[in-house]
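> Given next are the chains, with one letter for each unit.
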Amino acid sequence: MAVEQGKPQAALRGTNHAQLRPDKVVDARGAYCPGPLMELIKAIKAQPVGSVVEVWSSDQGSSKDIPEWVKKASHELVYVVEESGYWRIAVRKGH
Amino acid sequence: MVRVFGRKRVVILGGGPGGTMVANHLARRFNGSLTGDRVEIVQITACTKHTYQPGFLFVALGDAPLEHFERDQASLLLPGIRLVVDPAESIDPQAGHVITESGAVYAYDYLIIATGSYPDPSAVPGLAQGALGFYTAEDAVRLREALGRFEKGRIVLTVDVPHKCPVAPLEMVLSLDAYFRRMGRRHDVELVYTYPINRVHSLPQVAEWAQAEFERREIRWETFFNVDRVDPEQRVVYSAEGGEYPYDLLISVPPHRGAPVVAASGLGDEQGFVPTDRYTLRGAGLENVYVVGDATNLPVSKAGSTAHYEADIVADNVAAAIAGEPALRRYDGKVFCFIEAGDDRGTYIEFSYTRPPRPAPASVMLHQFKMAYNEMYWLSARGVL
Ligand SMILES: Cc1cc2nc3c(=O)[nH]c(=O)nc-3n(C[C@H](O)[C@H](O)[C@H](O)COP(=O)(O)OP(=O)(O)OC[C@H]3O[C@@H](n4cnc5c(N)ncnc54)[C@H](O)[C@@H]3O)c2cc1C
Chain A
1 MAVEQGKPQA
11 ALRGTNHAQL
21 RPDKVVDARG
31 AYCPGPLMEL
41 IKAIKAQPVG
51 SVVEVWSSDQ
61 GSSKDIPEWV
71 KKASHELVYV
81 VEESGYWRIA
91 VRKGH
Chain B
1 MVRVFGRKRV
11 VILGGGPGGT
21 MVANHLARRF
31 NGSLTGDRVE
41 IVQITACTKH
51 TYQPGFLFVA
61 LGDAPLEHFE
71 RDQASLLLPG
81 IRLVVDPAES
91 IDPQAGHVIT
101 ESGAVYAYDY
111 LIIATGSYPD
121 PSAVPGLAQG
131 ALGFYTAEDA
141 VRLREALGRF
151 EKGRIVLTVD
161 VPHKCPVAPL
171 EMVLSLDAYF
181 RRMGRRHDVE
191 LVYTYPINRV
201 HSLPQVAEWA
211 QAEFERREIR
221 WETFFNVDRV
231 DPEQRVVYSA
241 EGGEYPYDLL
251 ISVPPHRGAP
261 VVAASGLGDE
271 QGFVPTDRYT
281 LRGAGLENVY
291 VVGDATNLPV
301 SKAGSTAHYE
311 ADIVADNVAA
321 AIAGEPALRR
331 YDGKVFCFIE
341 AGDDRGTYIE
351 FSYTRPPRPA
361 PASVMLHQFK
371 MAYNEMYWLS
381 ARGVL
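Chains as they are written, first to last, in the UniProt record's numbering: chain A, 1 to 95; chain B, 1 to 385.
I should point out that these hints are in silico values taken from the structure, not numbers from a laboratory.
Only a predicted model underlies this, so the values are computations on that prediction, with no experimental measurement involved.
The beta carbon of each residue, even a glycine, is placed where N, CA and C say it ideally should be.
Worth double-checking, as some hints may not be accurate.
Here are the simulated BS3-like pairs of lysine-lysine, each with C-alpha atoms no more than 30 Å apart in a straight line [unchecked claim]:
1. K49/B to K334/B
2. K45/A to K334/B
3. K24/A to K334/B
4. K93/A to K72/A
5. K45/A to K72/A
6. K64/A to K45/A
7. K64/A to K334/B
8. K334/B to K370/B
9. K71/A to K93/A
Derived DEER-like restraints, expressed as beta-carbon distance ranges [stated by the list, open to error]:
10. H95/A to S90/B: 31 to 39 Å
11. D120/B to Q60/A: 40 to 48 Å
12. G242/B to Q60/A: 24 to 32 Å
Please put together the full structure from these sequences, using the hints given.
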């Protein structure tokens, strides 16, 4: 069963993530360098404003690093879901 | 020695480390007996020269001329491999052929895409006008000239996503510190290093080591800095996160793209990288097409060592397929990178999809090993090492 991580209340507000289909999924499991956050930034840059990118990471640090960048860069954290052995983190491009 | 049934042609696109190692490894597996009537290996590339890109760092800092890191591509290929210097213009996986700029058509039984990745300063407003770089031969030479003229002021180094060789920006700023100290001008130069994420390198262990070096050497740094635009007149670089730096000299690692032929053939993702299976290295949804090195979309470092390990796997699997045997080898995400620490010291990291990296303490011996590898690279390219 999926367990919400990070700040699930804030992250999930207004979004039924079970029904949300990301526009792009990036499988960055096992990525140490450049790593999941860099893979996310790469994908976000290539997507139009408003689209949702979901990144998969097997690195626990991502559940902290990614929300931190999303806040700093003024995008929107849609959800952080822990699956078995990896995290699915979705971000909506804000600008 | 691989036994072959029927005539097969392997076409390799690209004459960098990836393409050259696949060609030579394959030729070795056929025991040097490429006759053309049974197995033909054709390497199609864009340039008669082969350049060892890690050398650009040394070129920019005036430690070696560019020619030191160049060889004729033909001199690196084992006998029997056919070299075509005529860039591919399109790849048609349905028809199973490649068309080159001159209009020649090369049908293939197996295709290896090893066309690399390239900095694209035009992707960021003002970057091409405002910044110098060291990720191409021309840029490294221009930077060497600019550094030679640079008297005093602030040098800002920016890093965009994605880019090849994730350690090169760190090596550059540490080497710049050593360079200006050697010149007796370090007190006239402020060094600022910026990085896209929340630490100074993607690997936490490397970031920790580098940050301590920055403190010791009085290098300023700013994290969460993704370049949004550059004002070349006012000499200011702005980040998407709201940061800004006035500069006297801007050195940038621009965002990278795959080779234009990949996008032109409709085979790339948004940035022109080929979607690739992370274990088999087959092009996703493509028949008999493999992808090696920087050209893949894999979440691994775009590095020569990555291309090297992948080339080994692909050559074995293509040789097996040609012999009608199962292709059993899998890429495990292995990457190995030396890191120059300046002051004639170096370190290295090694990791895979499942093994995290642990940097060794920097030492003079590891630096010398890297210097030695710069010369031994040509043996790697020939498939010896
Ligand atoms: C400054 C710098 C420092 C680096 N340091 C290191 C390091 O210390 N360690 C490390 O492992 N890696 C390092 N790298 C990275 C390394 O050089 C690259 O990852 C490596 O070259 C990738 O190999 P490749 O064969 O995939 O692509 P490339 O070497 O880029 O080769 C691509 C080839 O494709 C050819 N090509 C392009 N378009 C076409 C076309 N249309 N038709 C036919 N051919 C085409 C090109 O001519 C070229 O021959 C560094 C890179 C730079 C820039």
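> Hint by hint, say whether it matches the structure.
Here is what the structure says about each hint:
1. K49/B to K334/B: 28 Å, holds
2. K45/A to K334/B: OK: K45/A and K334/B at ~27 Å, within 30 Å.
3. K24/A to K334/B: 26 Å, holds
4. K93/A to K72/A: Distance of about 13 Å is within 30 Å: holds.
5. K45/A to K72/A: 15 Å, holds
6. K64/A to K45/A: 21 Å, holds
7. K64/A to K334/B: 26 Å, holds
8. K334/B to K370/B: With Cα atoms ~18 Å apart, K334/B and K370/B stay inside 30 Å; holds.
9. K71/A to K93/A: Holds, because 11 Å separates the two Cα atoms, which is no more than 30 Å.
10. H95/A to S90/B: 31 to 39 Å: Holds - the Cβ-Cβ distance for H95/A and S90/B, about 36 Å, lies within 31 to 39 Å.
11. D120/B to Q60/A: 40 to 48 Å: 33 Å, violated
12. G242/B to Q60/A: 24 to 32 Å: Roughly 28 Å apart at Cβ, these two residues keep to the hinted range, so it holds.
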